[in-house]
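Using the sequences and the hints given, assemble the complete structure.
The primary structure of each chain is shown beneath.
4 protein chains.
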Amino acid sequence: MRQSGAPRDEKQRFPDKPKEECGVFGVYAPGRDVARLTYYGLYALQHRGQESAGIAVADGRRLQLYKDMGLVPEVFHGRDLDQFKGHAAIGHVRYSTTGASSPINAQPLVFRYAGGMLGLAHNGNLTNVTALRARLTSTGSVFQSSTDTEVIVNLIARYSQTSLEEAVMKCMIDLQGAYSLVLLTERSLLAVRDPHAFRPLCLGGLENGGYVVASESCALDTVGAQWIRDVAPGEILMIDENGLTSRQGIMPRRRAHCIFEYIYFARPDSHMDGFNVNRVRREMGRRLAREYPVEADLVIPVPDSGTAAARGYAEASGIPFEEGLMKNRYIGRTFIQPNQDMRDLGVRLKLNPIRDVLCGRRVVMVDDSLVRGTTSSKLVAMLRDAGVQEVHLCLSSPPVVRSCYYGIDTSNEAELIAAQKPLEEIRRLINADGLHYLSMEGLLEIFGDRRDDFCTACFTGDYPVAVPEPSTAGKFSLES
Amino acid sequence: MRQSGAPRDEKQRFPDKPKEECGVFGVYAPGRDVARLTYYGLYALQHRGQESAGIAVADGRRLQLYKDMGLVPEVFHGRDLDQFKGHAAIGHVRYSTTGASSPINAQPLVFRYAGGMLGLAHNGNLTNVTALRARLTSTGSVFQSSTDTEVIVNLIARYSQTSLEEAVMKCMIDLQGAYSLVLLTERSLLAVRDPHAFRPLCLGGLENGGYVVASESCALDTVGAQWIRDVAPGEILMIDENGLTSRQGIMPRRRAHCIFEYIYFARPDSHMDGFNVNRVRREMGRRLAREYPVEADLVIPVPDSGTAAARGYAEASGIPFEEGLMKNRYIGRTFIQPNQDMRDLGVRLKLNPIRDVLCGRRVVMVDDSLVRGTTSSKLVAMLRDAGVQEVHLCLSSPPVVRSCYYGIDTSNEAELIAAQKPLEEIRRLINADGLHYLSMEGLLEIFGDRRDDFCTACFTGDYPVAVPEPSTAGKFSLES
Amino acid sequence: MRQSGAPRDEKQRFPDKPKEECGVFGVYAPGRDVARLTYYGLYALQHRGQESAGIAVADGRRLQLYKDMGLVPEVFHGRDLDQFKGHAAIGHVRYSTTGASSPINAQPLVFRYAGGMLGLAHNGNLTNVTALRARLTSTGSVFQSSTDTEVIVNLIARYSQTSLEEAVMKCMIDLQGAYSLVLLTERSLLAVRDPHAFRPLCLGGLENGGYVVASESCALDTVGAQWIRDVAPGEILMIDENGLTSRQGIMPRRRAHCIFEYIYFARPDSHMDGFNVNRVRREMGRRLAREYPVEADLVIPVPDSGTAAARGYAEASGIPFEEGLMKNRYIGRTFIQPNQDMRDLGVRLKLNPIRDVLCGRRVVMVDDSLVRGTTSSKLVAMLRDAGVQEVHLCLSSPPVVRSCYYGIDTSNEAELIAAQKPLEEIRRLINADGLHYLSMEGLLEIFGDRRDDFCTACFTGDYPVAVPEPSTAGKFSLES
Amino acid sequence: MRQSGAPRDEKQRFPDKPKEECGVFGVYAPGRDVARLTYYGLYALQHRGQESAGIAVADGRRLQLYKDMGLVPEVFHGRDLDQFKGHAAIGHVRYSTTGASSPINAQPLVFRYAGGMLGLAHNGNLTNVTALRARLTSTGSVFQSSTDTEVIVNLIARYSQTSLEEAVMKCMIDLQGAYSLVLLTERSLLAVRDPHAFRPLCLGGLENGGYVVASESCALDTVGAQWIRDVAPGEILMIDENGLTSRQGIMPRRRAHCIFEYIYFARPDSHMDGFNVNRVRREMGRRLAREYPVEADLVIPVPDSGTAAARGYAEASGIPFEEGLMKNRYIGRTFIQPNQDMRDLGVRLKLNPIRDVLCGRRVVMVDDSLVRGTTSSKLVAMLRDAGVQEVHLCLSSPPVVRSCYYGIDTSNEAELIAAQKPLEEIRRLINADGLHYLSMEGLLEIFGDRRDDFCTACFTGDYPVAVPEPSTAGKFSLES
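Protein chains in written order, with the UniProt record's numbering: chain W, 1 to 480; chain D, 1 to 480; chain G, 1 to 480; chain R, 1 to 480.
I should point out that these hints are in silico values taken from the structure, not numbers from a laboratory. Please read these numbers as outputs of a predicted model, since none were measured by experiment. Misleading hints may appear alongside valid ones.
Derived coverage of chain W by chain D (criterion: at least 3 residues anywhere in the stretch with Cβ under 8 Å from a Cβ of chain D; other residues may be distant) [as the list claims (entries may be wrong)]:
1. 37-45
2. 317-331
3. 368-378
4. 438-446
Partner residues aside, some chain R positions facing chain D, computed with beta carbon under 8 Å [unchecked claim]:
5. 111
6. 135
7. 137
8. 140
9. 141
10. 142
11. 143
12. 144
13. 153
14. 158
15. 162
16. 412
Beta carbons: idealized from backbone N, C-alpha and C, even for Gly.
As structure tokens, this is what we get:
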């Protein structure tokens, strides 16, 4: 149980994408195998976090917890899930946005407080956590981890003179920023979403009764649950032996759903807050084609994140779609890095250009976003090596110019290429014949009259909730 | 080091596909990091075998070997490849076709014999191994594994009075069946292909000198080697300090390249024996569309194996292509199986239908082949759950009706649904509205005047090399 | 990170001894490798706890922590201790007395509170922890583990308006029971001993400056420190850049050093609170010989715990000492248990009688204590099998009749054979020809005019600090 | 499965002792749990080899094998021994004497040959293995490991035209050097001892029928078998459904039992070839006292190997015996080494002087042997630090001046301090006040009229079997 030091496998991540955040899952289903349902639910949410995974199960009397660093199947490999009997469970997959990559920061947290036992799993990021933590420590709280989540836990404990729901409501008055929470007591399951509804959270029903909540609807599908609705901004759902009750925990504010979920994070088969992810991505590609029509022979995606948009581009432009880059499906986290002798092979290990398809062609290459630009320039070079005549790089999102404070680990602004350099210079740096970002307007039009319901801060700097001083963003850690 | 017992994770394999066989890789490149090149080469060949991996390195004086059960990155995780210095190396990824799934059967084999040290890695399957092994044991040989490869090793040792090349030539007279071999001595690298050229094997060149041999050209791409040519039927390539020499080890027989490499096994970005895999698959889809034109709203693939053919079908039919089934990319080998409570979730964990795309539509679902039919019937049920109106299942290969004895683990004939039931009954069993296999003629036409250069035994029973008695096929094991 | 469930390897412990408790270690030595010194110190204290181990290091700015389940070398195997740079460190080895055997209960605890960061390691057991925890939760504290230690942590945090030393002093007013603590801040090391001084704690000096505190003096020897003195009852030692300062944290009460440390727990090469452990044990044997003189041919120990006393018995009686039972030094924690077929082999795997030495002899077998009696009866049977004529079992402690509430895991009273049955019945049950316990008076006389300085509650029921209701003793857990 | 490279944990061994060799175990007992009996038997033999362990089980039809690197409990931890059903089994623990420390060299070997399947485990070392291997490879044998054992396997296979017993007899004509073998076929168990009977091997009987063979009698005790007799020089024991049969495989030569078994290797509770190990060691001490009477206050052993001799010295001299050095029982293989800062702590981690016992005293320190002298000089320094006035080092064996070629890994002669320097210089180097080796004559007298039955080559250079050229001793490896 390491509590500090460098995140493991740090160098093995492909650095040119915003990092995934977290996924949460909860199920209340007496008579069902809730631990196993949660295991499969987390499996479906694995793309939202690959650093740690955990499940807590309630059986009416107590909570049992198992969590560790690693992918869902790694963490639970060899575990006898049948030992985790209960009627309700919550689960979490994590990619660290705050707090070091460390076992002590793995979730769910399970703790004992005046109200009994409580388990909690959190997706999102608070913006006022430093102030809240200071307030709590000044009156005697202690913190063993560097997560936002432990702050929420302590706030709930402080407010626990009456019911848990009321404690959560009081807590919501304190919390600023993004939080989609699932809570587990000995006898009930709660789901909570912040008043802006930054991060997704939806509710489903199981065939023979029972409810499921999850970050994305694909997890409902996986466990055989029917989607019912999204959890509303500021809503508290409580599920127990009396069934499902809802209350407004705090007044909703303007919706600010993370738009990057649609661009990159969410699974294409999920729908959230009214939109199907795959459809949105396809439409981004169509709009790209209209905004940036080029003479070309092929449209190719950067798999997998650019595939849907590339297909949209091809449809709208009439240019044939081809899979010109073959992805190695076995690239994992324990990959040995190339040394000096092979320094140019890095991207090629992951993506191999199909020369047959590409040689002599003019190509539109579609990706979802450009963060630091390093991978893109290698891809362009690789395409040229494969005999491509022209490369036009089309991105299905506007330029990322600001950091996110609501649960996504974009690089800081000094590393964001679009924050530092004009378009033409970027194009030259990556040696593309053309470079086009989807316009902000083009992106928003996809959502029609719902266009104002999204957080676009990373493109516009228009932060729905006040952000901390730059110097402290993402810097708090137990070690500081 | 387990030498017997049930293969691990047996139940975790999706049982409805022919099993991948093995992949081999070899490099001769003094001055380069040959161990690391082999590591990356095996990475690119990982789809050919996920049970064990190994690398042997020669430094002019000795051979060093490291191998274990697991994926390439698992086997070498934490290994310091820099310790494996040398000028030549061979590597192997394995999916057991003969011999139990056991560390003792992992390859390469490295052994000491009268000629010094020798490493050997094998892709393929011998048909006369029982007779050869009996002949060898009767004159004093011992066998520690149940692999064909150890038989080849012992034959070479018996013929080693003169040069290794001559020993290999004598050995080729004895061997019947499929073998693509790479051999490593202290000072040289050899590549050998059987006279029918069942399994692929190609040669590439490195920029600053040095040669690479690999099962598929995608491995050449990955390590930055230029494709030179395929190894010829019956050819022995020898690479040492004097460069590359070729000799005809045995008279070539009629070519019998495994046609299933093009249908399912090989990576789409590989080209082998004159044909690009991706193009062949696309063309299969186009021919499917012409052979079986249906009224439908969508063409969807069963990802990833049906993707290229589905795209071809869409092109030829004009019916829009959609990714209607979302694949969970994190499904791995250590997956905990659903229990009784969730027995219908098995396929859904791997593939999730996108309801938005599918609901109310008539769908052509394209897959590469139908072996036992169990997965297909679940997929059809899942599509119907998602509101699909009609499902037409199109397969880009003819019915698989016979077992393979040349290195592929198809089920035995009693389990092959097409060997047991007429088309219409299969259609009814899987509850599809239509079912169509690509015709044998349609398949062969793709290869034009080269149509007779392929082994089609699994479709036709036309075995290019006499096969063993049914009772002994694939049954030898150390335990027997 | 398992937080509940059955302790692992529970069945593999030999159940007939009181369980070891915990060991603590601390070092303040700028310029030295404090992590490694702590590692070796814990190594020397390994006999005090084999379930988990941990080290926290302070570098003036922050605390780093590593801990896990397992023996010291297992926990730190493959860890690069050189990464843990600092000027002070604390360490802990644990055998769970309260709290489940679980990673979440491993120590040290490291947490952030109003005063900065604090690390804490604890040996002992509080008797009023349930009341303290209730008081804390009622005012908003949360508990993630089931250890006493987390209660101490929260109390300190509540009292942290002024200095840490004052917070510890306030905390000592609340705490009842046994505690030897080491605390680590960014810049200082503290050592605290309860006012009865139940558990040992001593201070040593390093050659070039620097201080060490440890549960036993053998740990000072191991790291090359000179013993200075024992920490006094109720004393707080503070070591920082200004050197060592001492203050009386709370008024000392009557000394109540655990007498079982001398009988069984402590290493023979330690001296604590004025007495050398080996000498005390030897003297126990001498007194046994005088209290229970028998006609016998040999004195044999039950190794290793009975060895020193057996030697004393031999000296005083003149009967030759022999090692009649050979101990297998490789018995470890991962031992596969005998099944029905071999149910009588259990003790024999650990101890083998040397027939040559024993056959035909009358034997005095010396052990340190008798808890449940199960092992003793097997040993007697084994000796008789080896041809022993007479077996006299002599125990170097009085009958254990009461549970310990101060940090030792004796069985509960229903399982203590001496609490349930008269001496003669016990003798018959274990089938010995004679059975003798060292008398209480004989034991105390060893300590001369210090005889009243010890806790003898497990023999006498004379508890120096009020004990909790029987029903709650050792029963609190996070799961309850 | 590493086949080459440096032995793991090489540096963690305390280098100043001859290395243990191997232990073998076999059981034939239909109806009993033979795998588990073998597991416990290997446990009792663990002191003979800690690098790898393995068990092969025969069920009348086939052999199952499991082996790996590590201690017996580590190798079989988590294994379900109940899966290894059978009526006979063999096992092996190994410390590499020839062959690298590598999984490929772990034993038993299990192989298929003309006669069916055969398992083989070997304790000892052949002196003509290079010639035998050359002869075999020249006629077509291949070797996958660098062990002597694979050579024996191949010889047996070559001679297998008739029965296995006859093949073994022919093989014994070829083999020179030391070998105690257990062999396992589908239906029988064999035990074989070389004509000099270098290494121990004994036979025992189980209560309800069934036989056990083992390197040492302590393993018989552990599994509840009664010792019957030692296997005779050149004898072949065959156990099958017809019971036990014995035949003289080869004419016995002069007995040459390894005398170092009695000095250091064997467990004290074993008796072998007519002598109880503990008694021999005690007598060595008595003779030491007579040969080297000194004025001293205490006799202390270097635990554990010097304990029995120290006790003998004390008895004969009348000087009190004390345990002046406390051994840390938890020192294991995964121990992190001290760095420069703590370079003098090395021995202290393992052995701690008890100052109370030692301070101001004149001490006789008894150890079994002196190989390189490095540890002894540290021990003497440590004793002086603890206030010892005089240190007389007494060794219960004569000076080790020659290498062993029969299965023990003494250092080579250049490293043997007694081969390089005169006694007085050694005494000065280790800074002892006196140094005495047991005389050759004194050692041999212990064995009375059996004094010529032992191999004393390491003391005398009188090798019973011709040894290989120095340059090749112990140097063959697969890599050479």
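Hints versus structure:
no.: 1; hint: 37-45; result: holds (count 5)
no.: 2; hint: 317-331; result: holds (count 7)
no.: 3; hint: 368-378; result: violated (count 0)
no.: 4; hint: 438-446; result: violated (count 0)
no.: 5; hint: 111; result: holds (4 Å)
no.: 6; hint: 135; result: violated (10 Å)
no.: 7; hint: 137; result: holds (4 Å)
no.: 8; hint: 140; result: holds (4 Å)
no.: 9; hint: 141; result: holds (7 Å)
no.: 10; hint: 142; result: holds (4 Å)
no.: 11; hint: 143; result: holds (4 Å)
no.: 12; hint: 144; result: holds (5 Å)
no.: 13; hint: 153; result: holds (6 Å)
no.: 14; hint: 158; result: holds (4 Å)
no.: 15; hint: 162; result: violated (13 Å)
no.: 16; hint: 412; result: violated (22 Å)
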